[in-house]
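Novice: Protein chains in written order, with the numbering used here: chain V, -13 to 462; chain X, 9 to 105.
I should point out that these hints are in silico values taken from the structure, not numbers from a laboratory. Bear in mind the structure is a predicted one, so any value in this text is a computation, not a measurement. Glycine residues also receive a C-beta, built at the ideal position from the N, C-alpha and C atoms. Keep in mind that the hints are not guaranteed to be accurate.
[Said to hold, decoys possible] Here chain V is said to cover these stretches of chain X; the calculated rule only asks that three of the stretch's residues, wherever they fall, bring their Cβ under 8 Å from a Cβ of chain V:
| id | stretch |
| --- | --- |
| 1 | 25 to 34 |
| 2 | 41 to 48 |
| 3 | 54 to 68 |
| 4 | 83 to 94 |
These are the residues of each chain, in order.
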Amino acid sequence: MTSDMTALTAAEAVGASERGDLDAGELFEAYRAAAAAEDLNAYLWVAEEAPAQAPAAGAPLAGVPLAVKDLFCTEGVPSQAGSKILEGYRPPYTASVVARLAQAGAPLLGKTNQDEFAMGSSNENSAFGAVLNPWDRTRVPGGSSGGSAAAVAAGSAPWALGTDTGGSIRQPAALCGIVGLKPTYGTVSRYGMIAFASSLDQAGPLTRDVTDAALLLSHMVGKDERDSTSIGFPGTIERPSATSLKGIRLGVPEELSGEGAGIEPGVLAAFDATLKLAEELGASIHTCHLPHAPHALSAYYVLAPAEASSNLARYDGVRYGLRVEDGGLVGMYTKTRSQGFGTEVKRRIMLGTYSLSSGYYDAYYGRAQRVRTKIADDFRTAFDAFHFVVTPTSPSVAFELGSKIADPFSMYVNDYCTVPMSLAGIPAISIPNGLSEGLPTGFQLAGPAFSENRILDAAFALERAIGFDGSAGRTP
Amino acid sequence: MIDREQVLHVARLARLDLTEEEVARMSAELSDVLGHIEKIGELDLAGVPPTTHVVEVSNALRPDEPEPSLPREVALASAPAVADGGFLVPSPQAGGG
Chain V
-13 MTSDMTALTA AEAVGASERG DLDAGELFEA YRAAAAAEDL NAYLWVAEEA
37 PAQAPAAGAP LAGVPLAVKD LFCTEGVPSQ AGSKILEGYR PPYTASVVAR
87 LAQAGAPLLG KTNQDEFAMG SSNENSAFGA VLNPWDRTRV PGGSSGGSAA
137 AVAAGSAPWA LGTDTGGSIR QPAALCGIVG LKPTYGTVSR YGMIAFASSL
187 DQAGPLTRDV TDAALLLSHM VGKDERDSTS IGFPGTIERP SATSLKGIRL
237 GVPEELSGEG AGIEPGVLAA FDATLKLAEE LGASIHTCHL PHAPHALSAY
287 YVLAPAEASS NLARYDGVRY GLRVEDGGLV GMYTKTRSQG FGTEVKRRIM
337 LGTYSLSSGY YDAYYGRAQR VRTKIADDFR TAFDAFHFVV TPTSPSVAFE
387 LGSKIADPFS MYVNDYCTVP MSLAGIPAIS IPNGLSEGLP TGFQLAGPAF
437 SENRILDAAF ALERAIGFDG SAGRTP
Chain X
9 MIDREQVLHV ARLARLDLTE EEVARMSAEL SDVLGHIEKI GELDLAGVPP
59 TTHVVEVSNA LRPDEPEPSL PREVALASAP AVADGGFLVP SPQAGGG
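Generate the whole structure from the sequences, applying the supplied hints.
Specialist: Structure (structure tokens):
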């Protein structure tokens, strides 16, 4: 079965390995070769060889390798968060979630390209160049976890880790025709994740199907004493099996799907088609309201840059990465930061520093935190009446490289439908939802905190009904 | 509207040295983004508490027991300059600045 190994989903590969039909070392080598040969610029580093030790007998992930976004620290392996300022950095430790997955039998296959410090929606902000969308190489894969999404869609990774601050797992998953899940804030440890906005950052899986997302997530969640904001997951993440949506009430927020939401007609048509399928599976569809959702993007672009400006103060040329000398100490800090950070990162540091500066704090940061409260309240009200809130994941299909990079706000609008859930800290999944103009669209399903099992079940039932064919994204 | 003086002030606070071209672009771009963001000024938020954190976690403490930490040479291995077992930095009194 050597030639077909990489055609298997990760869960299928685990099953084949457990039955003795597949050799974990051969599987690793098949993916290692695919990752080393890929030409989408999805990888920044690829393992040179399979891990010296075979997976422990009975390890639940059976040696199926894992691609990991560059910003996860991996001991002795380059980890630069897509930035020049961390040039040469090889961390002395491994992020908790990566270590946990390795322990479960998923060895590190490679590190994937990303927007610098996870700031971006197109992967064009990487210091290592853009990633190409495997469905159309003139288009972006989305971001910031663009390398992880492109690698999974193209078949050079069985599955991958990403991080989502305002949509950075779900949006690239949608644009590349794969599954991406942002878990409830706090369920997965952030220890060893190079920080962007600490109150929002959350790691999650990017996978070929919903079953793989559940399997990977089941080995990611857990409280970690090294992350004081981690809370773990009550119970375990189960393998999804639902075939019906009988009795499920879906709320469709007018603010994120109606007139004024700015959703492309083709994306909206695919979304509506999936709502019909949901109805055929037994769900009832209702218009609902998240009155403050239209303000989510504004609140997010105050809060996330503010947190980033503080988190990124640590890059000063003293302990790791780039140093540019300029005689004195402050000059060294300034020169290092000015030459090490890219344009978008500088823009967000400026924005965050401005909104936190004396005289502006109350008008921006203070207000944005109150808007955040209102957005979380809106979701709580919606979930009193509905099991899930559903929206298109991204307002558009994958756009052309270079088409939005010169206009920051046009890029920020990509997160319009994903940012509200991030601010509320609730889980949301994007599943492939059919094509528009020959390119993938995403269907987003969000639920209350810790409803991951119910979200995965509903997504599983919808996935079967949609019957999305991702083969056009696989590189030959 | 964020003018040139404000851009230079914020850049100084953020320890960023911007070129003239960057200053001009930053002024226009930040003004545009803040123009969108300022819409939250229209909302009535009287009496609404701020959210600093979405999940309830208070006093997450571990037992205060000594554990081995990174060996000094490992912690220093990524540093651009090291001397006498510590991070070496240029003198705060030296030029530049």
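Novice: All hints, please: hold or fail.
Specialist: A quick look at each hint next to the structure:
no.	hint	verdict
1	25 to 34	holds (count 4)
2	41 to 48	holds (count 7)
3	54 to 68	holds (count 10)
4	83 to 94	holds (count 6)
Violated hints: none; the structure is consistent with every hint.
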